Amino acid sequence: MIKNLVILISLFILTLSIKAEEGLTIVAVGKADVEKDGLIIVTNDQPRGLSNREKTIIAEYEKLMKNDFSFYKQKFNVMDKNEYKPKAVRKDYSFLSGIGVRYFILNSFDKASENTLSVKSELYSVREKKLLETVSVTVTPSNVRKNGHEAGDALFQKIAGQTSIFRSKIVFVSDKGTTKSKGIKELYIMDFDGHGVRRLTNHRGNVISPAFSFDGRKVLYSLIKNSRSKSRNINLYILDVETGRSRVISSKKGINSGAFFMPDGENIALTLTHEGNAEIYSLNLASGATRRITKHYQPDVDPSINVTGSRMAFLSGRSGAGKPMIYIADPRAQEKDVKRISYVGKFNATPRFSPDGSEIAFASWLDNRFDIFRVDENGANLHRLTKDFGSNEDPTYSNDGQFIAFSSQRVLSRTRAVQNIYIMTRDGDILGSLTKNMGNCSTPRWSKY
Amino acid sequence: MRSMVINKPLSFYTKKSTAMHVLIVLIACLLSWLNWQSGEKQRKINVKLVQSSVRVDMVALPKRTLKELEAIQASSASAPAPSTTSKVPEPKPIPDKGDEYLKDTKEVKKKSLADLLKNYSKKDKVSDVKKVRAKSKEGSGLNQKQQALLAGLVKRGNKVQKGEALVGNGSAEVLSAVQAYATRLPGIVKPFWKIPSYLADKGLRARIRVFINSQGRIVRAVIYESSGDDEYDNRALAAVKKASPFPVPEQKISKNILNGDILLGFPL
Chain A
1 MIKNLVILIS LFILTLSIKA EEGLTIVAVG KADVEKDGLI IVTNDQPRGL SNREKTIIAE
61 YEKLMKNDFS FYKQKFNVMD KNEYKPKAVR KDYSFLSGIG VRYFILNSFD KASENTLSVK
121 SELYSVREKK LLETVSVTVT PSNVRKNGHE AGDALFQKIA GQTSIFRSKI VFVSDKGTTK
181 SKGIKELYIM DFDGHGVRRL TNHRGNVISP AFSFDGRKVL YSLIKNSRSK SRNINLYILD
241 VETGRSRVIS SKKGINSGAF FMPDGENIAL TLTHEGNAEI YSLNLASGAT RRITKHYQPD
301 VDPSINVTGS RMAFLSGRSG AGKPMIYIAD PRAQEKDVKR ISYVGKFNAT PRFSPDGSEI
361 AFASWLDNRF DIFRVDENGA NLHRLTKDFG SNEDPTYSND GQFIAFSSQR VLSRTRAVQN
421 IYIMTRDGDI LGSLTKNMGN CSTPRWSKY
Chain B
450 MRSMVINKPL SFYTKKSTAM HVLIVLIACL LSWLNWQSGE KQRKINVKLV QSSVRVDMVA
510 LPKRTLKELE AIQASSASAP APSTTSKVPE PKPIPDKGDE YLKDTKEVKK KSLADLLKNY
570 SKKDKVSDVK KVRAKSKEGS GLNQKQQALL AGLVKRGNKV QKGEALVGNG SAEVLSAVQA
630 YATRLPGIVK PFWKIPSYLA DKGLRARIRV FINSQGRIVR AVIYESSGDD EYDNRALAAV
690 KKASPFPVPE QKISKNILNG DILLGFPL
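As given, the protein sequences belong to chains A and B, one line each in that order.
Here the first sequence is numbered in the working numbering, starting from 1 and rising by one per residue.
Here the second sequence is numbered in the working numbering, starting from 450 and rising by one per residue.
The set of hints was computed from the structure by calculation and includes no laboratory data.
Bear in mind the structure is a predicted one, so any value in this text is a computation, not a measurement.
Possibly wrong hints are sitting among the right ones.
Some chain B residues near chain A, calculated using beta-carbon distances under 7 Å [as the list claims (entries may be wrong)]:
hint, residue
1, L475
2, T632
3, L686
Among the chain B residues that face chain A by a calculated CB cut under 7 Å, a handful are [what the hints assert, rightly or not]:
hint, residue
4, L515
5, G636
6, F641
7, K651
8, S663
9, G665
10, L707
11, I711
12, F715
Just so it is clear, CB atoms sit at the ideal spot from N, CA and C, and this is done for glycine as well.
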């Protein structure tokens, strides 16, 4: 007993004698602001004897590339001044360095045949004073946008070391073609910059909740038919983007909707109500076999899967109180690792994973409208992204996670409102609208390739 | 020997044993009190650190957007620094956000622990010794934990931070004054701390030792720990030099400040 006490006392003395080593006071300044890279994109002297049409191709190629890089305005300062052109053509590195240019892209065109030009796009680093990358493509009036974006992406990758959004596409639903007697919503696809809009469906009904496959080749959507028949079951369709053909893949009783591709491309997650309550299931596209993912007496809807397929974000009423909250779970088993993410918000909707699965963007009802919010996958760092900008819904992350597209609605008068697709950076810097004169556009989904 | 033991009455041993026990308890009390006294200042710093690294959950959706919050932080960082006072400055007031930001139970627990410790320090109870030791251990192990703690501080979320300094040991009063002075520097240097894109995301780190005279001007700034990249080191040095002059240090710490007791970490 006494022995123990002696040990105890000696321990006290020991703690007294411990002194932290002498040190300097260290304070963290924190992460540096990253300077924007000055970038100029110029066209080398054009070959002689070009037709007007061919000159238009050249102009479009240059304009497109400038526009592409301008999306990354946190990263690049696209400098567009005529007097810089000869300096870049002559590779005057010291002048360019002096005005803050870090990279320049020099496009040289050659006539291959009638209305066909071969382009050589060269990327130079002013700091290293050397050519970094050369991309050669052939452009015609019909493929100049596609090939221009691809060339831009290759050069971007050389600078940033990761893929850009330049080749990505967005699907969305538009009510263009709606008449007074008949409201229709069809599925459309466009490039990330709003060009090349193409209609994908012709159901003359209401297409809802589309979803891109991870490779961008297939789109899932649900359809509310306009027909007068008694059966107005909401069925799920799959569409081949290339051929435009679609077919029903789930027509269970009730709602077959809110589908989302699993990363393997062979299974999907979707909401079914055939057993009464809305629950999330996994469905194998080939066999049609279903597996239940959620099991709760409250409704579970709107799954979103991260790129590895290990996490699923969804909405659930299981918190009680009648407010849908965001949860995550492991979709590979039933009710596995369910974790509540959101504890606030009157009405949360459409949780969407960023491509790397580190954050979730969602819409939430605040001050009588929806706005876009962002939260880390573990529930920390809840940020508001939109404010005083109409009612904003349906966020969707870009393939590189740097941008979020969403639909924004403006009330024009008591009876009229217009809804368009907008794009912003993941920090809420709004870059502008992508859709124009397309009626009301909603539910954008950004491809993930 | 044995006979002696037997000869003594039981009461003799009882008294002796009681006296021994009382003595031991008294010694224990005294030691714990001394221990408590000696660790007072350090403990306060520790508690501060713990609080500033505690996660905060929201109880309502934020009204301000991320960009608005960034603008607030930027303006508060570039605002002129207040004149020096002899007191440890209060932590920066959290911008008025109504009741949107309430602290979660975790922090409440930690806070109440801190309060408990404070109360106990007046009462001086033996039973506190364990808690005190747990706390002072955190203090002595500071150097090992610096990286993790600092990293956590930098990753702070949608909230204006409290303290952001980690210190070694020294004369407690001067120390806390040096610390208080040091915590004002990052806000002044940050607006000038810029790097080109090719150096970003490389995980570089430099530490600069600053020598500031009694007028608050930089006398010397030397690289204490190089990042290994000249451009990065130079940018960090340039940021410090551009940020000069700094606030005028108090008289009692001006010697420490002039002797380069402060290290600025870029980023940590």
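Hints not upheld, ascending by number: Those not satisfied are hints 1, 3, 5, 6, 7, 8, 9 and 10.
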